[in-house]
Every structure is written in structure tokens, then in C-alpha cells.
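Student: As you go down the protein sequences, you meet chains W and E in turn.
Going by my numbering, the residue at position 1 of the first sequence is 1; the numbering climbs one at a time, nothing skipped.
Going by my numbering, the residue at position 93 of the second sequence is 93; the numbering climbs one at a time, nothing skipped.
One or more of the hints may lead you astray.
Using 30 Å as the maximum straight-line C-alpha spacing, the simulated DSSO-like pairs for lysine-lysine come out as follows [what the hints assert, rightly or not]:
{"id": "1", "chain 1": "W", "residue 1": "Lys163", "chain 2": "W", "residue 2": "Lys79"}
{"id": "2", "chain 1": "E", "residue 1": "Lys88", "chain 2": "W", "residue 2": "Lys182"}
{"id": "3", "chain 1": "W", "residue 1": "Lys16", "chain 2": "E", "residue 2": "Lys77"}
Here's a subset of chain W near chain E, in silico, CB distances under 8 Å, partners left out [stated by the list, open to error]:
{"id": "4", "residue": "Asp13"}
{"id": "5", "residue": "Lys16"}
{"id": "6", "residue": "Ile21"}
{"id": "7", "residue": "Met23"}
{"id": "8", "residue": "Gln25"}
{"id": "9", "residue": "Ser28"}
{"id": "10", "residue": "Ala31"}
{"id": "11", "residue": "Val33"}
{"id": "12", "residue": "Val38"}
{"id": "13", "residue": "Leu40"}
{"id": "14", "residue": "Val42"}
{"id": "15", "residue": "Gln133"}
{"id": "16", "residue": "Phe136"}
{"id": "17", "residue": "Ser137"}
If you're looking for bench data, these hints aren't it; they were derived computationally from the structure.
Glycine residues also receive a C-beta, built at the ideal position from the N, C-alpha and C atoms.
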Amino acid sequence: MSRLVSFTSEELDVLKEVTNIGMGQAGSTLAEVLGSFVTLRVPEVRMVEAGKLQEALAPFSQKYQAINVVRQAFYDGLKGESILIFGGKSFHSLVEVLGYGEDDAALRSRQREMLMEISNAINGTCLLGLGEQLGFSLQLSPPVLAGYDQSSADFYNIVFGGKEIFWQETLLLEVQFHIQEKDFFCEILMFFAEESLNRISEALAKLLDG
Amino acid sequence: MAHSILIVDDSAFSRRIVNRALPADWDVRVTEASDGKMALDLCRDHAFDVIFLDLTMPEIDGFQVLSTLRERGTKHKVFVISADVQPKARATCLELGALGFLPKPLSEKTLREMLKQHGLIQ
Numbered sequence: 001m002s003r004l005v006s007f008t009s010e011e012l013d014v015l016k017e018v019t020n021i022g023m024g025q026a027g028s029t030l031a032e033v034l035g036s037f038v039t040l041r042v043p044e045v046r047m048v049e050a051g052k053l054q055e056a057l058a059p060f061s062q063k064y065q066a067i068n069v070v071r072q073a074f075y076d077g078l079k080g081e082s083i084l085i086f087g088g089k090s091f092h093s094l095v096e097v098l099g100y101g102e103d104d105a106a107l108r109s110r111q112r113e114m115l116m117e118i119s120n121a122i123n124g125t126c127l128l129g130l131g132e133q134l135g136f137s138l139q140l141s142p143p144v145l146a147g148y149d150q151s152s153a154d155f156y157n158i159v160f161g162g163k164e165i166f167w168q169e170t171l172l173l174e175v176q177f178h179i180q181e182k183d184f185f186c187e188i189l190m191f192f193a194e195e196s197l198n199r200i201s202e203a204l205a206k207l208l209d210g
Numbered sequence: 001m002a003h004s005i006l007i008v009d010d011s012a013f014s015r016r017i018v019n020r021a022l023p024a025d026w027d028v029r030v031t032e033a034s035d036g037k038m039a040l041d042l043c044r045d046h047a048f049d050v051i052f053l054d055l056t057m058p059e060i061d062g063f064q065v066l067s068t069l070r071e072r073g074t075k076h077k078v079f080v081i082s083a084d085v086q087p088k089a090r091a092t093c094l095e096l097g098a099l100g101f102l103p104k105p106l107s108e109k110t111l112r113e114m115l116k117q118h119g120l121i122q
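Sequences are here, hints too, so could you generate the full structure?
Tutor: The following block contains the structure:
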């Protein structure tokens, strides 16, 4: 199958670096929220074909015991969706990590709100930071809780189960945050719509020429 | 006499940004390293006047480079340039012997001010 958009190795390097900047800003937000040092990892950047999506996401089904998943769409300039995964522990442990009180933890509705508040803060910082580097002012839709205290084996179904995939390929950016002292992981997968790939390519070329 | 500079970053684009941000009137000879191991190998053989060091790199990150240089007792002037802008990251770099911390995206003006502050340029 021919690629709709091909990124050169130099463009992918630039993309990794601008993602790194967005990730760094989000990591700082997360550090402030959790009161802990966040270990950052070099972002991953790759093109994924629709037919290989399940294979590409397979590692997530084995990584954690339990996951909570929040989805958030972005638009205006670039279009796509961000999937935020809190992994490693059950939600009750997450509440402890997040430092919320017992009363907050008790109500399921409040639990979900907490997940989405934090997701919005981290996701927003990362995406807006990345968008700014590329020259786009992104808008974010409200976050949606897609998976709550579920087995990570269900990850693909949580995100894509039952949905027809209309695109041929997507650009996938992955960033990871780790708080070692609390055994807490948070990952963001950013999927960019096909219609945005040319705009991204142009923005990267501009940065390279700059 | 030209200052010997080492730029350490796993991104070629980022190394280019640092290169371009160096003051035009600063007499320098620049070497680049694309990872922490290469940087440490180069530092073993060469006494660089100034090192610009990224933090988030695969295998050996910037913190480990700083730590190893400190263990070796070498007196490189290290400035960290990183997107990891957590206060704790900055504090740790300074504790490990870095002279300064510059956030990404790098500002030419901020870099110039820092070099001036440390007597490396007029």
C-alpha cells in the first residue's frame, strides 16, 4: 500500500523533538499535581497502518495490571485524538497516589471526575505545547472516560472495539511518565488524522528550513 | 584561542538549534555527541571547555552523564538544555555540578546571558 504521507528521517527527528517539548511541559504539570519527580522517556514517533493497529497496541495489553483510559479529541489546525492511560494499579491506589481524600474516593462520580480533571491538565499541556511548536493553536474537546479500573488486556477494545476504522494510516506519538517512588505510570498516545498529515509535514519542513 | 564545545543531544535537529544559538562572535570549535555514552567517551579523551547537555536521552541520560563526570572529577563547564522543566530536574542538575539550566525551546538571548554570567563571553 502506498503511503499517503511519508516523513523523512529528519522530519521524524523534528517531530520527536517538538513532542519532547510538549511532554516536558506536561511532565512538569504532573509533577506539580502529584508532588513527585516524574521520569520522562524519549518519545516514540511512528506511522501505523489501520490493518496493523491491533499489533501496534498489543504491548499495552500486557504492560499493566489495571488501567484507566481517558480519550480527548483535538481539532482546529490539526485533528486527532489523544488517549491517556493511567496504569499500574487499581483506581483506589491511584486515588492514594493522587492524594485525594477518602470522601472524594468514595463516590464513583467523583472518581471519574478526578481522572478527567487530571487527564485534561496533562493532555492539554502536552498537546497545546506540541501544537504551539508546530505553529497550530489546537482546541480540545472535553475528555471522556473510556475505561475505568479495567484489565489492560481489554485496552484495544476499550479504545477501538466496535468501531469501524475509516482511515488507512495514522501518525502515532507516544509519551510516557513514570513516578518511580509510587510505581505510577501515565502514558499518552496521540493519533493524528490522515487529513492533518500534510499540514504536519509542511510545519516540519518549515522548522527544518528555519 | 577557540573554546572547545561539546553539544550532547539525541536529536540532530536539537543539536543544530544549539549550534545556531551560539553567539556569532564567540570563537568556538564544536563537537557533537548523539548520546550519553558517546559524550562520556569523548570527555575521557578531550577536555572540553563547555558542554551543552540534554537530559532525556536513551540508555544513558543527562543525569547519568553529569553523575559520571562528577565521579571522574573532571572540571567541565556543563550547561543543561532540556525540555524537562520540572523544578526538581533543574535542582538535581545543579546538585550534580551543572553550572546552569536552559529550558527548551532554547532562547538565544537566554543562552547569551548565561554565557556572559559565567564569563565565557563579553
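Student: The structure should be examined with respect to each hint, and the outcome stated for every one.
Tutor: Hint check results:
1. Proximity of Lys163 of chain W to Lys79 of chain W is assessed by CA-CA distance (about 18 Å); at most 30 Å being required, the pair is judged to hold.
2. For the hint linking Lys88 of chain E to Lys182 of chain W, the alpha-carbon distance of about 16 Å falls within 30 Å, and the restraint holds.
3. Of the supplied pair hints, the one linking Lys16 of chain W and Lys77 of chain E holds, its CA atoms being roughly 28 Å apart against a limit of 30 Å.
4. At a threshold of 8 Å, the smallest CB-CB gap from Asp13 of chain W to chain E is about 5 Å, leaving the interface hint in force.
5. At a threshold of 8 Å, the smallest CB-CB gap from Lys16 of chain W to chain E is about 6 Å, leaving the interface hint in force.
6. With a cut of 8 Å, the hint placing Ile21 of chain W at the interface with chain E holds, because the nearest CB-to-CB distance is about 5 Å.
7. Nearest Cβ of chain E to the Cβ of Met23 of chain W: about 7 Å, under the 8 Å cut. The hint holds.
8. For Gln25 of chain W, the interface hint holds, the least distance from its beta-carbon to any beta-carbon of chain E being 7 Å, beneath 8 Å.
9. Interface restraint check: Ser28 of chain W against chain E, minimum CB-CB distance 5 Å, threshold 8 Å, status holds.
10. Here the hint on Ala31 of chain W is kept, as its CB sits about 5 Å from the closest CB of chain E, short of 8 Å.
11. A distance limit of 8 Å between C-beta atoms decides the matter here; for Val33 of chain W the minimum to chain E is near 12 Å, and the interface restraint is violated.
12. With a cut of 8 Å, the hint placing Val38 of chain W at the interface with chain E holds, because the nearest CB-to-CB distance is about 6 Å.
13. Restraint check, Leu40 of chain W versus chain E: the minimum CB separation of about 5 Å is within 8 Å; hint holds.
14. Restraint check, Val42 of chain W versus chain E: the minimum CB separation of about 5 Å is within 8 Å; hint holds.
15. Interface hint at Gln133 of chain W: satisfied, since its Cβ lies 7 Å from the closest Cβ of chain E, which is below the 8 Å cut-off.
16. A cut of 8 Å between beta carbons decides the hint on Phe136 of chain W: the least distance to chain E is about 15 Å, and the hint is violated.
17. At a threshold of 8 Å, the smallest CB-CB gap from Ser137 of chain W to chain E is about 16 Å, leaving the interface hint violated.
In this structure, the earlier hints numbered 11, 16 and 17 are contradicted, and the remaining ones agree with it.
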